[in-house]
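Peer 1: Listed below, chain by chain, are the residues.
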Amino acid sequence: MKTLQDYIDKLNALNFKEMYNGDFFLTWEKTDDELEAVFTIADALRFMRENNISTKVFESGLGISLFRDNSTRTRFSFASACNLLGLEVQDLDEGKSQVAHGETVRETANMISFMADVIGIRDDMYIGKGNAYMHEVVDSVTQGNKDGILEQKPTLVNLQCDIDHPTQAMADMLHIIHEFGGVENLKGKKLAMTWAYSPSYGKPLSVPQGIIGLMTRFGMDVVLAHPEGYEVFPEVEAVAADNAKKSGGTFTKTNDMAEAFKDADIVYPKSWAPFAAMEKRTELYGNGDFEGIDKLEKELLAQNAEHKDWACTEELMSTTKDGKALYMHCLPADITGVSCETGEVDASVFDRYRTPLYKEASFKPYIIAAMIFLAKFADPAEVLKKLEEKSTPRVFE
Amino acid sequence: MKTLQDYIDKLNALNFKEMYNGDFFLTWEKTDDELEAVFTIADALRFMRENNISTKVFESGLGISLFRDNSTRTRFSFASACNLLGLEVQDLDEGKSQVAHGETVRETANMISFMADVIGIRDDMYIGKGNAYMHEVVDSVTQGNKDGILEQKPTLVNLQCDIDHPTQAMADMLHIIHEFGGVENLKGKKLAMTWAYSPSYGKPLSVPQGIIGLMTRFGMDVVLAHPEGYEVFPEVEAVAADNAKKSGGTFTKTNDMAEAFKDADIVYPKSWAPFAAMEKRTELYGNGDFEGIDKLEKELLAQNAEHKDWACTEELMSTTKDGKALYMHCLPADITGVSCETGEVDASVFDRYRTPLYKEASFKPYIIAAMIFLAKFADPAEVLKKLEEKSTPRVFE
Amino acid sequence: MKTLQDYIDKLNALNFKEMYNGDFFLTWEKTDDELEAVFTIADALRFMRENNISTKVFESGLGISLFRDNSTRTRFSFASACNLLGLEVQDLDEGKSQVAHGETVRETANMISFMADVIGIRDDMYIGKGNAYMHEVVDSVTQGNKDGILEQKPTLVNLQCDIDHPTQAMADMLHIIHEFGGVENLKGKKLAMTWAYSPSYGKPLSVPQGIIGLMTRFGMDVVLAHPEGYEVFPEVEAVAADNAKKSGGTFTKTNDMAEAFKDADIVYPKSWAPFAAMEKRTELYGNGDFEGIDKLEKELLAQNAEHKDWACTEELMSTTKDGKALYMHCLPADITGVSCETGEVDASVFDRYRTPLYKEASFKPYIIAAMIFLAKFADPAEVLKKLEEKSTPRVFE
Numbered sequence: 001m002k003t004l005q006d007y008i009d010k011l012n013a014l015n016f017k018e019m020y021n022g023d024f025f026l027t028w029e030k031t032d033d034e035l036e037a038v039f040t041i042a043d044a045l046r047f048m049r050e051n052n053i054s055t056k057v058f059e060s061g062l063g064i065s066l067f068r069d070n071s072t073r074t075r076f077s078f079a080s081a082c083n084l085l086g087l088e089v090q091d092l093d094e095g096k097s098q099v100a101h102g103e104t105v106r107e108t109a110n111m112i113s114f115m116a117d118v119i120g121i122r123d124d125m126y127i128g129k130g131n132a133y134m135h136e137v138v139d140s141v142t143q144g145n146k147d148g149i150l151e152q153k154p155t156l157v158n159l160q161c162d163i164d165h166p167t168q169a170m171a172d173m174l175h176i177i178h179e180f181g182g183v184e185n186l187k188g189k190k191l192a193m194t195w196a197y198s199p200s201y202g203k204p205l206s207v208p209q210g211i212i213g214l215m216t217r218f219g220m221d222v223v224l225a226h227p228e229g230y231e232v233f234p235e236v237e238a239v240a241a242d243n244a245k246k247s248g249g250t251f252t253k254t255n256d257m258a259e260a261f262k263d264a265d266i267v268y269p270k271s272w273a274p275f276a277a278m279e280k281r282t283e284l285y286g287n288g289d290f291e292g293i294d295k296l297e298k299e300l301l302a303q304n305a306e307h308k309d310w311a312c313t314e315e316l317m318s319t320t321k322d323g324k325a326l327y328m329h330c331l332p333a334d335i336t337g338v339s340c341e342t343g344e345v346d347a348s349v350f351d352r353y354r355t356p357l358y359k360e361a362s363f364k365p366y367i368i369a370a371m372i373f374l375a376k377f378a379d380p381a382e383v384l385k386k387l388e389e390k391s392t393p394r395v396f397e
Numbered sequence: 001m002k003t004l005q006d007y008i009d010k011l012n013a014l015n016f017k018e019m020y021n022g023d024f025f026l027t028w029e030k031t032d033d034e035l036e037a038v039f040t041i042a043d044a045l046r047f048m049r050e051n052n053i054s055t056k057v058f059e060s061g062l063g064i065s066l067f068r069d070n071s072t073r074t075r076f077s078f079a080s081a082c083n084l085l086g087l088e089v090q091d092l093d094e095g096k097s098q099v100a101h102g103e104t105v106r107e108t109a110n111m112i113s114f115m116a117d118v119i120g121i122r123d124d125m126y127i128g129k130g131n132a133y134m135h136e137v138v139d140s141v142t143q144g145n146k147d148g149i150l151e152q153k154p155t156l157v158n159l160q161c162d163i164d165h166p167t168q169a170m171a172d173m174l175h176i177i178h179e180f181g182g183v184e185n186l187k188g189k190k191l192a193m194t195w196a197y198s199p200s201y202g203k204p205l206s207v208p209q210g211i212i213g214l215m216t217r218f219g220m221d222v223v224l225a226h227p228e229g230y231e232v233f234p235e236v237e238a239v240a241a242d243n244a245k246k247s248g249g250t251f252t253k254t255n256d257m258a259e260a261f262k263d264a265d266i267v268y269p270k271s272w273a274p275f276a277a278m279e280k281r282t283e284l285y286g287n288g289d290f291e292g293i294d295k296l297e298k299e300l301l302a303q304n305a306e307h308k309d310w311a312c313t314e315e316l317m318s319t320t321k322d323g324k325a326l327y328m329h330c331l332p333a334d335i336t337g338v339s340c341e342t343g344e345v346d347a348s349v350f351d352r353y354r355t356p357l358y359k360e361a362s363f364k365p366y367i368i369a370a371m372i373f374l375a376k377f378a379d380p381a382e383v384l385k386k387l388e389e390k391s392t393p394r395v396f397e
Numbered sequence: 001m002k003t004l005q006d007y008i009d010k011l012n013a014l015n016f017k018e019m020y021n022g023d024f025f026l027t028w029e030k031t032d033d034e035l036e037a038v039f040t041i042a043d044a045l046r047f048m049r050e051n052n053i054s055t056k057v058f059e060s061g062l063g064i065s066l067f068r069d070n071s072t073r074t075r076f077s078f079a080s081a082c083n084l085l086g087l088e089v090q091d092l093d094e095g096k097s098q099v100a101h102g103e104t105v106r107e108t109a110n111m112i113s114f115m116a117d118v119i120g121i122r123d124d125m126y127i128g129k130g131n132a133y134m135h136e137v138v139d140s141v142t143q144g145n146k147d148g149i150l151e152q153k154p155t156l157v158n159l160q161c162d163i164d165h166p167t168q169a170m171a172d173m174l175h176i177i178h179e180f181g182g183v184e185n186l187k188g189k190k191l192a193m194t195w196a197y198s199p200s201y202g203k204p205l206s207v208p209q210g211i212i213g214l215m216t217r218f219g220m221d222v223v224l225a226h227p228e229g230y231e232v233f234p235e236v237e238a239v240a241a242d243n244a245k246k247s248g249g250t251f252t253k254t255n256d257m258a259e260a261f262k263d264a265d266i267v268y269p270k271s272w273a274p275f276a277a278m279e280k281r282t283e284l285y286g287n288g289d290f291e292g293i294d295k296l297e298k299e300l301l302a303q304n305a306e307h308k309d310w311a312c313t314e315e316l317m318s319t320t321k322d323g324k325a326l327y328m329h330c331l332p333a334d335i336t337g338v339s340c341e342t343g344e345v346d347a348s349v350f351d352r353y354r355t356p357l358y359k360e361a362s363f364k365p366y367i368i369a370a371m372i373f374l375a376k377f378a379d380p381a382e383v384l385k386k387l388e389e390k391s392t393p394r395v396f397e
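Chains as they are written, first to last, in my numbering: chain A, 1 to 397; chain B, 1 to 397; chain C, 1 to 397.
Among the hints, erroneous ones may be present.
On the chain A side, residues computed to face chain B include the following (Cβ under 7 Å) [unchecked claim]:
1. Val57
2. Leu62
3. Gln90
4. Asn110
5. Met111
6. Asp147
Selected chain C positions facing chain B (Cβ under 8 Å, derived; list incomplete) [unchecked claim]:
7. Arg73
8. Gly188
9. Lys359
These are computed hints drawn from the structure, not numbers from a lab. Glycine residues also receive a C-beta, built at the ideal position from the N, C-alpha and C atoms.
Next up, chain A with everything else stripped away, as it sits in the complex:
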């Protein structure tokens, strides 16, 4: 695209009315138009930043982040997105705060939101918890806004839950769109979302689930590959199958990594923990059975160790389409001989794809900003137009 007007025209052809004052939980709760609106706004915001046009649409306001798990990239992506739009990030650190002290979600959600325009939450540790917690927060602030407690309803952005990792999957998808020169070129492309061995244990399921839940919507042939016992949520597999049918693509499963890589256009090899084990872990945690958790973790590590052959090797890469499949990862990857003895990917493969991998990550701040933008403005296209007319430089000139 060459001008902002191109993005605006594209937006004007889409229906995303429902996103105004909405939230972003799961990609499969959004229509195709709505997802395309996110991609379009993300590209438009990037275009404007590259052309030194400020996209600061808030004179004041807070973007609240709540991370129940360590995070560098997601933390900085959220901070960057908020800052790009003019919101100041305030981290709700439950160590510092009184959430730990028996305060209800409903109360805390309102207490922190008096001047909050956005709440970003990462809560991916326990099955059945993270997404539910996010809904509790949204219900609380929606009610608070109705009751006249909050002058605005903060928008929730799911920064990773137990079910989906929408900002990751959307950034990954936007990367694919750019690499392949447009959504229209994805039909019939083969994408392999495969498990890979990592010495670390219990990586979230939300990445593979997010990928199969989203990538199946663009007419691609999506293959989910993992050793027996590493199943993901059945509900999400059902979503993927349904998406594939609608989009004219396919969704298949295999326990054979080589089969998944064969002639693949895109490969996404990554470790995750078995759904069943995560459920058990959640139950043990609920019962405060930490001895049981230790025991479970040892079992899982042993189980993982039986699948060290699940690695993205040069040999496997050579079996992909022209030996040149696009290698993807949410990062950080466990690189054999670099970050661990045996890991998800060969060092030479990772190095060859380093630049595309970093570009893949670079879309996330814009995806988050776009999700916020679409929730805050009834006519985002009009806002982009006015911002261009105003043309306040991001960096003084």
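Chain A is already provided as a structure; the job is to place chains B and C on it using the hints.
Peer 2: Same frame as chain A, now just chains B and C:
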């Protein structure tokens, strides 16, 4: 009120010259006009935000927060207030900083203040310490400004000390004013500030003290109720008595919760620690006698347990004016059967008053912003006028 | 100086083209013109702030801080500098982040920099590490920018490394320039950078090294004094000697504190750890030999204790030029009888110089802002001019 001009007219009828370049330590150090100016600016800032008029009066500048105690609501209230005016919050975390490393208050206060317009401090843990510390900080930066070290004198906002909790009490009062339709309607109203049982121990005295020190200034009949042995600072009781005399109200004390609730228009049942015990605790802490502190805490918990009947029950509420007294709390409350087995208030009472309770809290960011605003501008009314003329939207439109 | 034009004229007489898109690692990697440009911009930014002219040149953008060591003043100086220019500080807390989790520097540097205009790093703990790490970061983001991953190349500001502490030394120098009424008055002045006893162990070498590496460039007679065994990096001594030759000053060394103080115009008495010991410590740390580190620390404390006579006493001060040498310190100082039993300086000396000491520190935020400013604008003088024409007030008026 309907227009900003109404607030401006009200301000122009008040004398608050002394607040310019001043600080906010204790409500009873301020004149009635000064307090009314805070309420008026708070309402005006809220009015402007509701009408999407930016009140960003700082292009740059820091708002420094120093919390010696955990805090969600106060932390976010301060952050919201600073952000609303254009100041960026920097938290002086004494863990991270070198304060812990034997640096003097005077030095630290200057070192962090080169570009600080506001310093908000919460230091309520030890009798005779918090307020004194805040004065040390203010004396240091005032001298630093005189000596040409600091280009501006940061304003101190007391976010809770050992004596008063002015941002809480003022927010509570503004809530009362709105609930009763104006200060003029408060004369003769009965307010019961009563102790209530909580399983937790050692809650600060600054809330009840802040309430009796402020609420006695509006012609109300303020009753302080607590079991024997739960006295608050005598000095603050003296302030309350004196206020009541001047305002044409009353200030009485009782050891009978029922008597306090009888026909009350407003009830504020909340746990706190006995003054004498807090003094002893401070002394033990000073001597590093942690064994002694443990012992004291056990004694206090035992003492508390003798007063589980001090609870805000439906039965007690039914004895209030028309059974409909305004129930207040600074939150979080210890709710019987919710956050604890036996607590300060019945769940059904708390639930019925949830919305007003949250609204009560919603005033705090505006109260803090108003305190800053009044300290920074010689003619705040004029500034409001100009902001309205400029009418920069808070959210782009 | 009276008008902004004076600063602009001065800038226009200097050559600092190379600073555009550059970084700031070590003062001796910069030309005299480049250093003078930093001083001039720092003074200009301060002049503008004092005259309530906003110097906010960024509408959005992040300033990332990474502190490998505790810090109050440097943390707040960096935050103040970023805020003054319109950048929001995001702290990369390696506790919170995944840096600790085996993520490579190259990857992290890119992942946090998508919208970062500045990265400030303090990493002074280990010999041969800090400065090297900073270069790794800069190489990573420079490559990332070349590869189209980063839309801008963040500027690195060295907030203290194992070799130099340029923001400290530059702030100290600007203080000297102001105290002596201009660089032109420094020729032939005697500056004594001397070791002093402190009960604490292992203070960084970067301060004395930064001082001798910078102060020798202005025609002063710089004396480095310390007990035998407290040598600093030989490479930096070589830099100092070379600077002195070029500037028409001198650089001498002595093991006699009195000799250094004799007739000195400026004294900078401060504790540091011996280079050799720091090297050994780094090696032990590398080998994870924590027992060895404990042993080494005990040895060093014992060694320090043999030199308690190395203190900035009234008696020694009386031997300086007219008994009135300018006393300097980077703060916090170990003050005899105040922060410790026996320390670097007599309480009466410290008290007499408190105001100049605090002023000395007050230059650091402006020095940091100037380093950023010079890296971000091809024609800083033009930018200052336009900011003056625009004259947006920092505080609304």
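Peer 1: State for each hint whether it applies.
Peer 2: Each hint tested on the structure:
The interface hint given for Val57 of chain A holds, since its Cβ lies 4 Å from the closest Cβ of chain B, which is under the 7 Å cut-off. Among the interface hints, the one on Leu62 of chain A holds; its C-beta lies about 6 Å from the nearest C-beta in chain B, closer than the 7 Å criterion. Interface restraint check: Gln90 of chain A against chain B, minimum CB-CB distance 5 Å, threshold 7 Å, status holds. Interface restraint check: Asn110 of chain A against chain B, minimum CB-CB distance 5 Å, threshold 7 Å, status holds.
Using the Cβ-Cβ criterion of 7 Å, the hint placing Met111 of chain A at the interface with chain B is satisfied: the shortest such distance is roughly 5 Å. The restraint placing Asp147 of chain A at the interface with chain B holds, with a minimum CB-CB distance near 5 Å, inside the 7 Å limit. Here the hint on Arg73 of chain C is kept, as its CB sits about 5 Å from the closest CB of chain B, short of 8 Å. Interface hint status for Gly188 of chain C: violated, as the beta-carbon distance to the closest one in chain B is roughly 28 Å, over 8 Å.
This hint holds: Lys359 of chain C has a C-beta 6 Å from the nearest C-beta of chain B, less than the 8 Å allowed.
This entry does not satisfy hint 8, going by the numbered hints stated previously; all others are met.
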